[in-house]
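The listed protein sequences correspond, in order, to chains A and B.
All residue numbers for the first sequence refer to our numbering, where the first residue is 1 and numbers rise by one.
All residue numbers for the second sequence refer to our numbering, where the first residue is 1001 and numbers rise by one.
No lab work stands behind these hints, which were simulated from the structure alone.
Treat the hints with care, as some may be off.
Stated by the list, open to error - Examples of chain B residues lying across from chain A (beta carbon under 8 Å, computed):
{"id": "1", "residue": "Ala1073"}
{"id": "2", "residue": "Val1084"}
{"id": "3", "residue": "Asp1091"}
{"id": "4", "residue": "Trp1178"}
What the hints assert, rightly or not - Counterexamples of contact, computed for chain A against chain B with all Cβ distances above 12 Å:
{"id": "5", "residue": "Glu332"}
{"id": "6", "residue": "Val334"}
{"id": "7", "residue": "Trp449"}
Said to hold, decoys possible - One side of the interface only, derived from the structure: several residues of chain A facing chain B at Cβ under 8 Å:
{"id": "8", "residue": "Arg354"}
{"id": "9", "residue": "Arg361"}
{"id": "10", "residue": "Arg373"}
For each residue, glycine too, the CB sits at the ideal point set by N, CA and C.
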Amino acid sequence: MFDGINRRVVSLWFPRLASDRALRARPVAGPFALTLKENNANRIYCLNAAAEREGLHRGMSFSDARAFCIDLQSRPADPLGDARFLAALRRWATRYCPWVGYEGGDGLVMDITGSAHLQGGERGLLTDLRQHLGRAGLSVRIGLGDTRGAAWAFARHGEGVAAPGEGAEMLSEMPVAGLRLPPDHIEALQRLGLRTIGQLAASPRAPLARRFGPGLLMRLDQALGRQPEEISPEPDPPHYGVRMSLPEPIGLEADVMAGTGRLLDRLCAKLKDRGTGARTLCLTLRRVDGDSQHVELRLARPLRDAARILPLFERGIGDVDAGFGIDQMRLEAVQVEKLPDEQIGHSGAGGQGRLDDLITRIGTRIGLDNVVRYLPADSHIPERSFIVAPAAWSKPEGTWTVPRPRPLILFPPEPITATGAQPPQSFRWRRMRLTILRVSGPERIAPEWWFDDPNWRSGMRDYWRVETRQGRRLWLFYTPQNPGWFVQGEFA
Amino acid sequence: MAKPTIYQITAFPLRPGRVHEVGGPAAAAFAAVCIGQGKDAAASLWVREGWLPDMANPAALQSYFDVSTMVMAQTGGQIDTLAVAEEALRDGAVGHVIVELTAPLSLREGRRLQLAAQAGQSTGLCLIPEGMGSNAAETRWHCTQVPDPDSPPEDSTLQCWRITKNKSGTLGAWHVRWDQSARRLVVVSASGE
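Isolated chain A (complex conformation):
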């Protein structure tokens, strides 16, 4: 077991990560800054060395910066993209050692204990790191120490490499800001006259703990190696892809289905281990002539049951042009959702599964978004009293409350010629002459003013249920604010 005495930690700090990334994509000569909109003002998010030389700094308002530096060039910042870039750097850094973690939003920490010799010792490793990062256009500060805290201090406050065992000595000369403390603690320590870490370590502990809480002494002990601190490497995201290479090309549909079945078994085992289900699957069939064919399958429910998924592929695989044969197959779960284990019930579950499979099969033909179900909505407006939601992403829920009779068929309002607030005795609708037998109403519905619905701009409506001598029972409305009569529905 390793006792931790010879532990060596490298801390990397990218002081200009965001602007370096932007300049890698499109280099710019001269001062350059990235701006981010904060509190309704554009502020400088990150800037390059040339801009810093002009006296600009982070957090400065962008209009001020432009006044200071006329030829400043700028682009909007993309913090999410920067986080992705740092994740890529973290993954790249695992070429030096397996233990690489994040250090804030702009740094990495690597535990190189026992792996430095692979790059020709610590010196070789640091040179290699610098060369690679420099070639990539990233400015980096590197600290190497016995503890994570020491390495951090060396990276951020005067780059340095501490030989094994000499970290405490080098640290004692450094300012207290090298201890990863909140800014108000640093200020308070400086007011107390404790400017260096050595002074802090020499002062009595109890009054410090009383005044600053346990955090200060914990950071000090971590930097000096008296208290352990782990580096947690990020786990790689689970990969839901399986592939198969064939010794001879295949072309028959049954053969491709059999191959897909084998891939599905492996993929579903993977999904089951992680408690997830596939929502979208992509089958890539690589032909001997180098071309690939893709079959995408979108499922109505997350699934990991190979026997149920396989028949759903039939339609897609039937459309594939095998050419001179297929010799590689790859199956990937592109979209994955949580699917906890469920109790198998006696009632209903099987029927729902069959319906979901049917929705999936219909969805492969007309698009999964076009298979919908009605959900109740809380509105008196007839066309908004229900929601049409995609069946694959909604559950049948809610209760229907219909206070007044509503027509069975709804259509966009069709004007009829009539005047006055009372329903006309006879009118023409859809080229039919209709005479009224009796009417009931009116039911006044006011537009929902919090939505701007162009169909309801004519104001409130008085709805009448009209029975005609010809049999048709229609839903008419009159708009008193913009006089006019319309038919909007038909009763059973």
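Dock chain B against chain A, hints included.
Here is chain B on its own, set in the frame of chain A:
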């Protein structure tokens, strides 16, 4: 006291495993009644072309059956509609498949739907425009609303259902009414031919 005559509608409820047709202004009501008369909790599928302006109002369908069991497929055209209907009928996962047609079916298309319904043992019902019936249909109905001055105004649902084609029975016409609170079809009288 005279016992009230109970009228029976021939060929109703519709024979499962077959495809039927219904036309006329009250066709949608007929379809809703068919779904409502089916087995409880059996799902239904309503296939229609996405561009059609007339759509069934779920708030009114709720008085015929539980709308939460219904799934609706909005297709791009009649070819897709028929493909979806055939798929659903053959699968048998849904009890009723309602298909809104906009063009007449050829004998081949009608027959394919019949075979699919036979394989899945579910009931198909095509809502057809006037005079566009197909020869393959098991039964064809024509439904119209009938003026009904005697019933209370909120509850007047009197209709005339006329069966104009029946492959395995006689023709006839009936006056029916839907009882919304009991969710039950009341046959008022057999109207004369």
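Hint check, failures only: none
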